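Asks: In case you want the letters, here they are:
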Amino acid sequence: MLDKRFAAFLIDLLIFYFLIFVPSSFVFFYSAGLRDFTSLEGLEGPSVSFLFLSSFLFLLYKSSFEFSFSQTPGKYFLSLEVRGIEKFGDALLRNLPFLFPPFFLFDLFPLVTSDQRLFERISHTQVLYVPKLVIEA
Amino acid sequence: MSKELRMFYYLISLSLLAVFFAALLGSFFSVLPGNVALIRIEGEIGSQSIFGGVSVDDIISLIDEAERNPNVKVVVFSINSPGGAIVSVQEIVERIKVMEKPKIAWIRDVGTSGAYWIASACDAIVASPFSITGSIGVVASYLEFSGLFEKYGIRYVNLSIPEKKDMLSPYRGLTEEEKKDIMEILNESYWGFLEDVAHNRNMSVEEVTNLSDEGAIMLGKQAYERGFVDYLGGKEKVLEVAREFGNLTRVEVSVYESKKDISELLSDLLFGLSRFELKASQKPF
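First to last, the protein sequences are chains A and B. If you count the first sequence from 1, position 74 lands on 74 in the working numbering, and the numbers rise without skipping. Each position in the second sequence, counted from 1, maps to that position plus 1000 in the working numbering.
Please note: incorrect hints may appear among the correct ones.
Lysine-lysine pairs mimicking BS3-like chemistry, simulated, CA-CA at most 30 angstroms apart [unchecked claim]: (1) K1073(B) / K132(A); (2) K1164(B) / K1180(B); (3) K4(A) / K1003(B); (4) K87(A) / K4(A); (5) K1097(B) / K1073(B); (6) K1151(B) / K1179(B); (7) K1151(B) / K87(A); (8) K1097(B) / K1003(B).
It is worth saying that the hints were derived from the structure and are not from the lab. Because the structure is a prediction, the values reported are computed rather than measured.
Sequences and hints are given; from them, build the entire structure.
Replies: Okay, here's the thing in C-alpha cells:
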C-alpha cells in the first residue's frame, strides 16, 4: 500500500509540476517584470514569494481533488481513494503539511507502524485501495 | 460526463486559476523590464541633493538596483553636470569601476570636471559635438569678508590653538603659508583626478595634461579629437553603442530614478537632510 501511495504522490507531483508550477512560474516572473529567464539573480524576494504560492497551490490541488473526487489524478491511476472527507476543511487539514514542508517529516512518521499519516489521523480520513471492478461475462 | 473527463477539466481549471494567482502576485513586484538601465546624473554632485543637485547615495543605490536586476544588460549614465564635491565624485567613480555590467556614459549639455571623471570610468563615452566637457582640474573657493570688515571698522579677533585652526575663516585673509598648504592639498587632489582619468582612458598622464589644456573646457568635438570621448552623437548613437556593448538584438530602456515626496523635499530645504525612498520607475525615454 505504501508503494502505491508513494507512486501516486510522484504522479501528482509530475502533473502539478508540468501543468501548474511551470506555467504559473513563467506568468509570475513575467508580470514581475522579468524578461531574461536565464537567471533569477536579484529576484530572491519574488522567488521566495513564489515558492510560498507554489506550496499553497499544491495544497489546493490535493485538497480540491480529494474533496471533489475522493482522489487526486495520481491516486486515480493507482486505484486509491480517500475516505472520511465530509467537508472541504477535512481535505485541507489532511494536506496541511504540504503548505509547510518541514512538518512533512512529522506527518510521515506514523507510517512506520500504520497506514495513516499524522494529519490523516487528525482529520479522520483514510486512503484505501479500491480496485476498479471488472465484470466479465 | 465521465469521471475522467471531469477530472481533466477540473485540472485545467485549477491550472488557469494558478496562472491567475501567479499573475496577480507577480504584479506586486516591480522589476523593471528594460535591458538598458538609464541613470541620470544631473546637477551638482554632492553627499546630499539640495536644490536640483544629485546625491552620491542616490546614484550608488540606483547602480545597485540596476546591477541586481537580471533584465539589465547595459547601464547608461546620462550626464548633465558640472561636477561636484571630489569625495562624492570619487565614490561614484569607484562604484562604477566595480560594476559587472557594461556601462556607457552619455554626456548631454555639460559633463565637466568631476562629471567627466565619472564618464571616464565607463567603458565608452558618447557626447554631442557641442557638449561642454573637459575642465580636468580641481577648484576650491570661499567668500572672504576681511576687506568688508575693514571698511566698516570691524575687527576680527581670533584666538586659536594651534595657529592654523581657523584656516579658511571667511573673516580674515590667508597667510602665505596657509595658501601653500591649501595648494598642496589641491595639487594632491588634482593629480589623483588626473592619474585616474589617464588610467581610465588608457592614456599617459602627460597626454592628458597636454591635451586637457590646463583644465580648460572643450567641446565634445574637440574632446573626441583628443581622445577624451569615444563616439559623437545623441540618443540614437547611445542606443547603438548600448546594443553593441550588451550584444542586444532589441533595446528597451528603463529609467532609474529616485523620487522624493513633498515632506522629503521640505526636509532637505529646512534641515539639509536627504531622507528618501528609492523608487525606480518605468518612464518614457
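Asks: Any of the earlier hints contradicted here, and which numbers?
Replies: 1, 7 and 8
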